[in-house]
Amino acid sequence: MNLESSYVDLYMANMDLLREGVSDIINKHRSDAIESFNLLGIPTKKVEKYKYTNLAERFAEDFEKYFTPKHEAVDLPSLFTCDVPDFDTYKVYILNGFYYGDKKLLEENGVVFGSLAEASFKYLELFEKYYNTLADNQTEGVTALNTAFAQDGVFIYAPKSATLNKPIQIINFLLSEEDTFVQTRNLFVFEENSNVRVIICDHTLSAKRFLTNAVTEVYVAPEANIELVRMQNEHNLSTHVTSDYVQQNEKSVFISNTITLHGGMVRNNINVVLNGEYCENHTYGLFLSDKIQHVDNYANIDHAVPNCVSNELFKGVLDDKSTGAFNGGIMVRRDAQKTQAYQASNNLLLTGEARVYAKPQLEIYADDVKCSHGATVGQLDAEALFYMQSRGIGKRKAQLLQLYGFAYDVVQKVGIEALRESVAELVRKRLRGELARCENCSINCG
Amino acid sequence: MEEQDKILHEVTSGEYKFGFVTNIETETIPKGLHEDVVRLISAKKEEPEWLLEFRLKAFRHWQTMTMPTWSHLDISEIDYQDIIYYAAPKQKKSLNSIDDVDPELKETFDKLGIPLDEQKVLAGVSGYAVDAVMDSVSVKTTFRDTLAEKGIIFCSFSEAVKDYPELVKQYMGSVVPYADNFFAALNSAVFGDGSFCYIPKGVRCPMELSTYFRINALNTGQFERTLIVADEGSYVSYLEGCTAPMRDENQLHAAIVEIIVMKDAEVKYSTVQNWYPGDKNGKGGVYNFVTKRGICKGDRAKLSWTQVETGSAITWKYPSTILKGDDSYGEFYSVALTNNHQQADTGTKMIHIGRNTKSRIVSKGISARFSNNSYRGLVKVLKGAVNARNFSQCDSLLLGDECGAHTFPYLEVENQTAAVEHEATTSKIGEDQLFYCNQRGLSTEDAVGLIVNGYAREVINKLPMEFAVEAQKLLQISLEGGVG
Chain Y
1 MNLESSYVDL YMANMDLLRE GVSDIINKHR SDAIESFNLL GIPTKKVEKY KYTNLAERFA
61 EDFEKYFTPK HEAVDLPSLF TCDVPDFDTY KVYILNGFYY GDKKLLEENG VVFGSLAEAS
121 FKYLELFEKY YNTLADNQTE GVTALNTAFA QDGVFIYAPK SATLNKPIQI INFLLSEEDT
181 FVQTRNLFVF EENSNVRVII CDHTLSAKRF LTNAVTEVYV APEANIELVR MQNEHNLSTH
241 VTSDYVQQNE KSVFISNTIT LHGGMVRNNI NVVLNGEYCE NHTYGLFLSD KIQHVDNYAN
301 IDHAVPNCVS NELFKGVLDD KSTGAFNGGI MVRRDAQKTQ AYQASNNLLL TGEARVYAKP
361 QLEIYADDVK CSHGATVGQL DAEALFYMQS RGIGKRKAQL LQLYGFAYDV VQKVGIEALR
421 ESVAELVRKR LRGELARCEN CSINCG
Chain H
1 MEEQDKILHE VTSGEYKFGF VTNIETETIP KGLHEDVVRL ISAKKEEPEW LLEFRLKAFR
61 HWQTMTMPTW SHLDISEIDY QDIIYYAAPK QKKSLNSIDD VDPELKETFD KLGIPLDEQK
121 VLAGVSGYAV DAVMDSVSVK TTFRDTLAEK GIIFCSFSEA VKDYPELVKQ YMGSVVPYAD
181 NFFAALNSAV FGDGSFCYIP KGVRCPMELS TYFRINALNT GQFERTLIVA DEGSYVSYLE
241 GCTAPMRDEN QLHAAIVEII VMKDAEVKYS TVQNWYPGDK NGKGGVYNFV TKRGICKGDR
301 AKLSWTQVET GSAITWKYPS TILKGDDSYG EFYSVALTNN HQQADTGTKM IHIGRNTKSR
361 IVSKGISARF SNNSYRGLVK VLKGAVNARN FSQCDSLLLG DECGAHTFPY LEVENQTAAV
421 EHEATTSKIG EDQLFYCNQR GLSTEDAVGL IVNGYAREVI NKLPMEFAVE AQKLLQISLE
481 GGVG
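Order-wise, the sequence lines are chains Y and H.
Residue 364 in the working numbering sits at position 364 of the first sequence; the count goes up by one each step and never skips.
Residue 312 in the working numbering sits at position 312 of the second sequence; the count goes up by one each step and never skips.
Some hints could be false.
Under the rule of at most 20 Å between Cα atoms (straight-line distance), these lysine to aspartate or glutamate pairs were calculated in the DMTMM-like manner [what the hints assert, rightly or not]:
hint, chain 1, residue 1, chain 2, residue 2
1, H, K349, H, E402
2, Y, K46, H, D299
3, Y, K338, H, D432
4, H, K383, Y, E353
5, Y, K370, H, E431
6, Y, K28, Y, D9
7, Y, K338, H, D401
8, Y, K429, Y, E353
9, Y, K338, H, E402
10, H, K383, Y, D319
11, H, K162, H, E46
12, Y, K370, H, D401
13, H, K268, H, D327
14, H, K383, Y, D320
15, H, K358, H, D299
16, Y, K395, Y, D381
17, H, K428, Y, D335
18, Y, K122, Y, E20
19, Y, K291, Y, E250
20, Y, K413, Y, E280
21, H, K383, Y, D290
In case anyone wonders, no lab produced these hints; they're calculated from the structure.
Okay, chain Y solo, but in the shape it has when bound:
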């Protein structure tokens, strides 16, 4: 039996379980999505967008799939101590794709956040208006799969002019006794002039193989100012696919920063549509890979209207036998005049066996634009090393200094100040090899 039909059969067999616990607004999209998935399938390397990452191989592996939350007797907050010290946030816990905690929806300063499933009953109108409107079920097989199976995740709603006094921190835990397949679905709606920071952290707490297929829809209303930081720190047996769909409207600012510290196979899809004039978009990413990890970042910025600015920067440090890929796209549509779009990918190879693939692309249909892109692949600067060594800095230290400097270009773009220094510290720890793959895990599964 082929891969697609095995998922379709799984869907058919569990239809009732899937429909339980969420409102019809989520359920009504399922059948179209599974049909679309059946046509699209899981992308192989033959699909141009996935040229360097074979997801089909991973999705074909044997994972346990749960359709009712299996909350084992664990106390997550006590089990987990964040790598970022003294970091004060509103925490939302997600365990194996399901909301964890008694109070399903929280409200602070008018901003609502919590379980997607719960919210789908309470905020019918919002779901009607936004749910599954941005996600691309027509060309992305993994997104269609998520839409068909979506059961829970995080919902955030910031009303007009709401400002939150603390960032929202979403912590995705993977903890299971079996190899597990997890699908999370997030919906973030930021109304006019709202101002919210969101941090999404991914952690694995048990040494099992995990496959995460997450879809996040982000609607950014006019003049909203939003920042999204992803900290990915999963062990090397995990596979993580994220698909973000962002729509920005007039004069909004959206900054995203994806920092991949660890992870077996990571594929981040970031799709941004600039839908209103005078938007500003910043999409940054940093990955530090070693062993046989594979990190692939895909970022597509679609300039649909004039007068927007976008800026993409992705950096990677590749050690051991790891592989990295960058797929960048800038689309400037006809009439999107006065667009400014920049895109850069820089990669450092530390060993002879690491490999990197970069594909920065521009597609431009308007003439009065300023667009540029650049990509480099190189190694540590021998002259700089020599310079430092000649001044008494040990070779290892000199190498690390260069690596910090390289990574800091992205780290410094983290807008949340308290987080920025901590991220810098995490990156330093990571580069020194001191960062725990997963907190409280004694098994070195790397």
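With chain Y fixed as given, assemble chain H onto it according to the hints.
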């Protein structure tokens, strides 16, 4: 602003000057493609058995393939059964002197500015040897004797098959195998004529060698092969030019160019491509789907591609270099200009295999009116390519708000000592630049010309003198009215 638009419009509305048809008796075979056609072509060319076998193998493979669709091009469906695969201008059997060439043909090439008469060329300042190919046959190769004195073989592909079968057998298909891609397979099955060139060890070719391709007959496709072998320590500069009559239907041109560069040798391959681009409404024009690839086989070999692409309704080609020898060097310089409804998806591939290999890519795209111009390139550094170095620069210039410019670079690096850089910019002609020129007394029209010219200069400068002049003229015609 309006005036500027008007000038840009004038600049971009040039006419094609080589669209005439030569009224010459042509021998053609019926339309269609099947195994018998392949056999017929082979028989017409009196080919040996091994070549027929090669053609048939390629044809059988081609039948299993489908046309690729990954390009950023809008190609109307091609009916491969509606093409004539062999057309030859009728002329006397053997050519001993220029007087034997059909006057009609001679006139055609004179009109195109291609001298088939050696005497005339010698009277000029500098000469270059030409292999003139019309439709499926080579009409005349000049200066063969002069070149033969140095041991250089320069002749039509058909003659090479007869006279130097060992060389052809050894190298044909060694860089572009028949199964390489859809159009390479098609070409390998039905190729007509082309040029063959062999430069022996240590010889520096005393003149520019050149092939001129001309499509003349109606409903034909042109499928020629060029094979260049530069033996150790040799040097040759090779030029290719092409034109076609104006016709309402699309004509297919699917050629193969293979270049083998041995140790310490250097080959410069320049193309000024000016196939008929179709009319202003996008009707007609040549589909230029070409496979060009060279290999730097020995250490310190050098291969340089330069192309000026102004013609063709659709250009789809990636002249590539395999850098196999240590310290070998590959270059790619390109200007691609698309106007009206033209489309181009062109670029290069640099495959670094040997140690200390270097490559440099400079691509300049110019799009006007409704055209779409894409750069697509691959830089691949394999595991053993220690200290590989690449620099790519791909700029796009947009003249008008209805055209498109796209960049699709692929960087694949598997060696840590490699340094690979790619950069690209896209913009229109800066108003400040125009203002600067205007302020100094240049009309906007002259200023546009000056800027476009300067923009393409880095590439044009790489062309041999005669071609540089022609290329500049071509840019001028293609952007009629502005470039001076």
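Going through the hints against the structure:
For a cut-off of 20 Å, the pair hint linking K349(H) to E402(H) is broken: about 29 Å separates their Cα positions. For the proposed pair K46(Y) and D299(H), the alpha carbon gap of about 35 Å is over 20 Å, so the pair is violated. Proposed proximity of K338(Y) and D432(H) is supported: the alpha carbons are some 15 Å apart, at most 20 Å. With a CA separation close to 8 Å, the supplied pair K383(H) and E353(Y) stays within the 20 Å bound.
Distance check on the hinted pair: K370(Y) and E431(H) sit about 13 Å apart at the alpha-carbon level, within 20 Å; holds. Under the criterion of a C-alpha separation no larger than 20 Å, the hint pairing K28(Y) with D9(Y) is consistent with the structure, at around 18 Å. Of the supplied pair hints, the one linking K338(Y) and D401(H) holds, its CA atoms being roughly 12 Å apart against a limit of 20 Å. A distance of roughly 23 Å separates the Cα atoms of K429(Y) and E353(Y); the hinted pair therefore is violated under the 20 Å criterion.
For the given pair, K338(Y) sits about 15 Å from E402(H) by alpha-carbon distance, which is consistent with the 20 Å threshold. About 15 Å separates the Cα atoms of K383(H) and D319(Y), which keeps this hinted pair within 20 Å; it holds. Taken as a hint, the K162(H) and E46(H) pair is honoured in the structure, with Cα atoms around 9 Å apart against an allowance of 20 Å. For the given pair, K370(Y) sits about 14 Å from D401(H) by alpha-carbon distance, which is consistent with the 20 Å threshold.
A threshold of 20 Å between alpha carbons decides the hint, and for K268(H) with D327(H) the separation of about 17 Å falls inside it, so the pair holds. As the CA atoms of K383(H) and D320(Y) are separated by approximately 14 Å, the hinted pair is consistent with the 20 Å bound. Taking the CA atoms of K358(H) and D299(H), the gap is about 12 Å. The hint holds against a cut of 20 Å. Pair hint K395(Y) plus D381(Y) holds up; C-alpha atoms about 12 Å apart against a cutoff of 20 Å.
About 14 Å separates the Cα atoms of K428(H) and D335(Y), which keeps this hinted pair within 20 Å; it holds. Of the pairs offered as hints, the one joining K122(Y) and E20(Y) holds, with about 15 Å between alpha carbons and a cut-off of 20 Å not exceeded. This hinted pair does not check out: K291(Y) and E250(Y) have alpha carbons roughly 44 Å apart, beyond 20 Å. With a C-alpha separation of about 14 Å, the suggested pairing of K413(Y) with E280(Y) holds against the 20 Å cut-off.
Restraint check: the Cα-Cα separation between K383(H) and D290(Y) comes to about 18 Å, which is no more than 20 Å; the hinted pair holds.
Checked against the numbered hints above, the structure breaks hints 1, 2, 8 and 19 and satisfies the rest.
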